[in-house]
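Participant: Now for the letters of each chain:
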Amino acid sequence: MQTIISIAVDALTYGMALFVICIGLSLTMGLMRLVNLAHGAFAMIGGYIASYAARDLGLWYGFAVLLAILGTVLIAIPLERFLFRRIYGAPQLTQVLMTIGITFCIIGITNYLFGPTLKTIPLPRGLAEPVDIGFRTIAAHRLFVLVCGIVVAGGLWSLIERTAFGVKLRAAVDNAAMTSALGVRTEVVYAVSFALAVGLGALGGVIGAEFLPVEPYYALRYMVTFLVVVSVGGAGSIPGAVLACLLLGAVDTTGRYLMPDFGNFFFYAAVILIVCLFPRGLLGRA
Amino acid sequence: MAVRTLMGAAFGLLLAGTASAETVKVGIIGPFSGPFALQGKNFQAGVEAYMAANGKQAKGHDVEIIYKDLPAANPQASRALAQELIVKDKVQYLGGVYFTPDALAITPLLKQANAPLVIFNAATSAIMTQSPLVVRTSFTTAQTTTPLGKVAVDRGIKKVITTVSDYGPGVDAENAFKKAFEAAGGQVVESIRMPLNTTDFSPIMQRVKDSGAEAVFSFLPSGPTTLGYVKAYNDTGLKQAGIKFLAPGDLTQESDLPALGDGALGLLTSFHYAVSHDSPENKKFVEGATKAIGGADQLSFPSVGAYDGMHVIYKMIEATDGKQDAEKAVNAVKGLSWTSPRGPVSIDPETRHVTQNIYLREVAKGQDGKTYNKEIQTFPNQKDPGLAPAGQ
Amino acid sequence: MQTLAQTQPVAMPQPKRAWWRDIVGVALIAAVGLAGYWLFPDNLALLTRVIAMALLALSIDLLVGYCGIATLGQAALFGAGAYAAGIACVNGITEPFTLVLIGAVAGSLAGLVMGVVMLRASHGLPQLVLSIAIVQLFHEAANKASAWTGGSDGLAGLSPAALFGVFEFDLWGRTAYLFGLGLLLTVFIVLKFVVRSPFGMLCRGIKEDPVRVGAMGAFVFPVLLKMFMISGSVAGIGGALAAISTQVVGLDSVSFELSANALVMLVLGGIGTLYGALVGTVIFMGFEHVVSSINPFHWMTLVGVLLIVMVLFAPRGLTGLMETYTGLKLGKRGGRA
Amino acid sequence: MSDLFRVEGLSKQFGGLAVSRDISLSLPEGERLALIGPNGAGKTTFVNLVTGQLKPSAGRVFLNGQDVTGLGAVQRVRRGLVRTFQVTRLFSEMTPEEHVTLTILQREGRANRVFARFRGDSAVGGEVEGILATLGLLDVARRRVGEIAYGQQRLLEIAIALALKPKVLLLDEPAAGVPSTDTPRIERALEQLPPSLAVLMIEHDMDLVFRFARRVVVLAAGEVIFQGLPAEVAADDRVREAYLGSYAHARRVA
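Here the protein sequences line up with chains D, Z, S and L, keeping their order. In terms of our numbering, the first sequence has 72 at position 72, counting the first letter as 1, and numbering is strictly consecutive. In terms of our numbering, the second sequence has 221 at position 221, counting the first letter as 1, and numbering is strictly consecutive. In terms of our numbering, the third sequence has 333 at position 333, counting the first letter as 1, and numbering is strictly consecutive. In terms of our numbering, the fourth sequence has 216 at position 216, counting the first letter as 1, and numbering is strictly consecutive.
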């Protein structure tokens, strides 16, 4: 029993880390119909900035996180303006081609600037140490990731469901022409949502770095994982993404605990099963 | 940069084959870009350090190096590159090769090419049996792992759980350790093979904890996964619980140590080379290689494989006086022994694999506050146990 | 827009003869292939690799370009062919044509499995994800079955017999290249017939509107499944060629990376024409080879730039670009990717 | 005499919403029936139920005396129940000739052949030419469908249906969206339909309905409210209520 709870805690925190990284991709794919394979690259940029700020400049962790988000968004703005905007509404294959190209470029440039080594983001003392939660010890940063996940999910949900911006965004998604006829500047709405998605990716890249270490090939290494998680959840659905991350996190973690030799089989078999049963994702929009 | 020698490739495919007679060309294949670029850079650093120290000539013959990039294991591309080196660039020697399948794709070409292959890294025992023209100056996983079995028993450890990445070298490591440990009287209570793309190791650590073992033996490819693994080992409290950590040195390669940080302190690994190895030869080597690679913290084990590989190639050139004769070249280095930066080494005349010391090391903190692999025990003249008996 | 007011002439306009263009096309491919043989005699192993990739890209075009099925897992079929041929070769079946046949059969069986799973989903993203999951499972299985496949060390020790008992697969790779070129031409010609056949037309119909095809009284699923098997056999031939020419089969031949690369090459060349697969492969791999020779440390950035530039200036691929500028139509293509 | 086509008590509910309620009607050989009704009456749902695109909640469909309720859309087509689409569904990259050829090959079970020539068979070619000629599509036979006029596309819809040699033909608003200059062409095509064919036409254009239909069924809010001769429709109170009332009560069924 204790083992089960222990595994559940691991699964939960791992799933939450995935969630924070992936939810931005879910937004771009679901709301903006953009298959952005470069999402991981933005998460990676966030990780690099945070690593530079916290490790090389010795800044406070929270400040480094903030800097990472802002910096990544800043880098993403011209990319959105000149590249991504060209492929909104383009065929999926075109989007795949373009975003893979962008990923390659970002990897190449990162490699050039920072070298091929692993980058760590030193955690503040409070997060670095294991915490005793009664029946086992758990790394404090895992709890931190859990809290971040809950905050991000809640915040996003209320942003989309409860604010004027959310209304505009949903309207623009359902009918862009009508929405702009009503006087909403849809390209601004898109740009803001894109920035939001990138910012979330950067946040995920930083706080998830304990699970998915930051290095130049981060963007390619985990591209598939992110894409799969988002599709399973149903692109654009926040509860769907939470559910998918927790479910796949659970399958992955328990699979690796019970039969580590066949860990990947469980994961991908679960993916196939879910996609066959719910082609639009667990809670995807019809 | 030596890489620039390839500039011509863009236009010069037609103009091939203008090599001058007195120049001996050596083709080096390695991962100079991609996820393993650091290991490729180490190849290059080793080669350049050797040539800086010993001159660009062997017995009066100019030695020219041609680098070819092979970012990841891809036998098809490997064969194409080897063919291009042999046929177009007219190299007399092939060297480098980081991954086993890539080496296996080259071996069938050697006889016809009349060129020896000196492997700087690819660490699967069986490569040597594929062609008599292969010489290896790196190590095999079995070779570096085997002493750990005795170490464990000596330290009073009776029960061990093994956790290895589920791929060739991982399985080699598991088998080698099990064999050595059980021969020494220990018991492997459980063997876990983890998929290569595992990112969260907490469930594995839970297994380790549940198994009741006194130590965990691990093998993972060097790089990002190592970080997650060592973190999980610390975070889940295994370290505090006193469960020892044993692994071949791939896990604590010097270029990963800064990322691992203090969490790596106390890890026990066995390996053929530590950058910290205390000898005049190594001091000279580290100085030269650091200059070539651009930073001391990027230096790691492939550089020494390359350095010694170049030594072997130089000896071959001397033996054949610059003429292309693969068999003579290989025969000349059988039994060759010298003092490498890693310590005394020799080429086993039977297997053509390097015989060398294996060191037990502990990750410790130096005076400069940086962690390093501290050699604490030496197992001299280790051969590759994976090749010792003929056949299986 | 014209109205129906005009009355029609009695006879249909004569059909435009499209097949002569294909004869020219095939002749052109053969000429380019032979030119490669004469111009780059030292890089034949690379060119053979290009041919194997071109076969893989062709097999993807059959699904993406003619049926509208997106896949990022085609290497599962390529790898099935490569491993089947490799295992057969290690176990004593060494005749090259037999090995290619074995590869084709294995590829089409893998295609059957893949089709059954992937056709559970009816459109883009879920299909992509299923294809990724399948190629990962194949990869995992190949790694696990190391007794058969050699696992991550690769399946080594293939020594295919001489072609026609005369031409050895040797260091210079002449046999391998010409063998590959012959296979490519044969496959290309056969595929031109396939896409022109009633079946090929039906597939194009399905790509545009499966509901209409159903209303014509044709079942969609078996047609697509059949295309999966044809596509699988083409990919399998590519895999077998790779196995024969390299004499090693590695896990990379069943990887997501290989699938993605091939798809990128195809899209680069342009989908739905068969020619695009060839053009894209040659251009991409040529570019990669040249750039990585000049500077192995930064080729990735340059390849990335190439892809971005392509999307911005030639969104329909290189063949699309060519059609735009020459007015020559290489083949019929669907309106959307 | 058994009817060629018959539906009994066909009903469909989406959630709690009844879109079709207990619809029964039958078509003998050679029938020309028009199904009309105000917007949202459930006409398209009815077509989808009959052709098998939707599964009914209750009721049965008979074709040639056989119960086909359990069969899928494709099976029903193969048994002679063929439809056209309200919004044309054609392959924009193919020519009308290719559409019809493909359809005929399909009917003959040859469309799935890989090693056969698409345009090789002179018998098929003749039949294609005949059908296209009937519908006046010969001069555009080798143009891409994306390039031809919308009225011609509607005719092509009918041509494809005829190429299947149907027993029962469902025409879903064959004149919708066609400029009025082109409707005579469609009317003429309808007049030339084989006499033995049973035709069920859904149409808004009442002129067309009165000229074409021998019998009219009026559907409102998912129910049949009138069955009878065209001449009687306008006089029926319930029909007047359904059409005019729909403006008073707004939309009842969306």
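FYI, nobody ran anything at the bench for these hints, they're computed from the structure. C-beta: ideal position from N, C-alpha, C; glycine also. Take these hints with a grain of salt, some might be off.
[To be verified] Okay, derived cross-link-like pairs now, DSS-like style, lysine-lysine, Cα gap no bigger than 30 Å in a straight line:
1. Z:K284 with Z:K25
2. Z:K209 with Z:K159
3. Z:K284 with Z:K158
4. S:K226 with Z:K178
5. Z:K370 with Z:K334
6. Z:K179 with S:K144
7. S:K226 with L:K55
8. S:K144 with Z:K383
9. Z:K111 with Z:K291
10. S:K144 with Z:K209
11. Z:K88 with Z:K383
12. Z:K283 with Z:K365
13. Z:K283 with Z:K158
14. S:K226 with Z:K159
15. L:K165 with S:K226
16. S:K226 with Z:K244
17. Z:K59 with Z:K25
[Claimed, not checked] Okay, the calculated beta carbon distance ranges per label pair:
18. D:R81 with L:S122: 57 to 65 Å
19. S:Y325 with D:R81: 23 to 31 Å
20. S:T98 with D:D261: 32 to 40 Å
21. Z:W338 with D:G62: 49 to 57 Å
22. D:G62 with S:F287: 42 to 50 Å
Participant: Would you mind marking each hint as holding or not holding in the structure?
Facilitator: Checked hints:
no., hint, in the structure
1, Z:K284 with Z:K25, "holds, 26 Å"
2, Z:K209 with Z:K159, "holds, 12 Å"
3, Z:K284 with Z:K158, "violated, 41 Å"
4, S:K226 with Z:K178, "violated, 49 Å"
5, Z:K370 with Z:K334, "violated, 40 Å"
6, Z:K179 with S:K144, "holds, 21 Å"
7, S:K226 with L:K55, "holds, 28 Å"
8, S:K144 with Z:K383, "holds, 29 Å"
9, Z:K111 with Z:K291, "violated, 37 Å"
10, S:K144 with Z:K209, "holds, 26 Å"
11, Z:K88 with Z:K383, "violated, 37 Å"
12, Z:K283 with Z:K365, "holds, 19 Å"
13, Z:K283 with Z:K158, "violated, 38 Å"
14, S:K226 with Z:K159, "violated, 55 Å"
15, L:K165 with S:K226, "holds, 27 Å"
16, S:K226 with Z:K244, "violated, 56 Å"
17, Z:K59 with Z:K25, "holds, 14 Å"
18, D:R81 with L:S122: 57 to 65 Å, "holds, 59 Å"
19, S:Y325 with D:R81: 23 to 31 Å, "holds, 29 Å"
20, S:T98 with D:D261: 32 to 40 Å, "holds, 35 Å"
21, Z:W338 with D:G62: 49 to 57 Å, "holds, 55 Å"
22, D:G62 with S:F287: 42 to 50 Å, "holds, 44 Å"
Violated hints, in rising order: 3, 4, 5, 9, 11, 13, 14, 16; the structure is consistent with all others.
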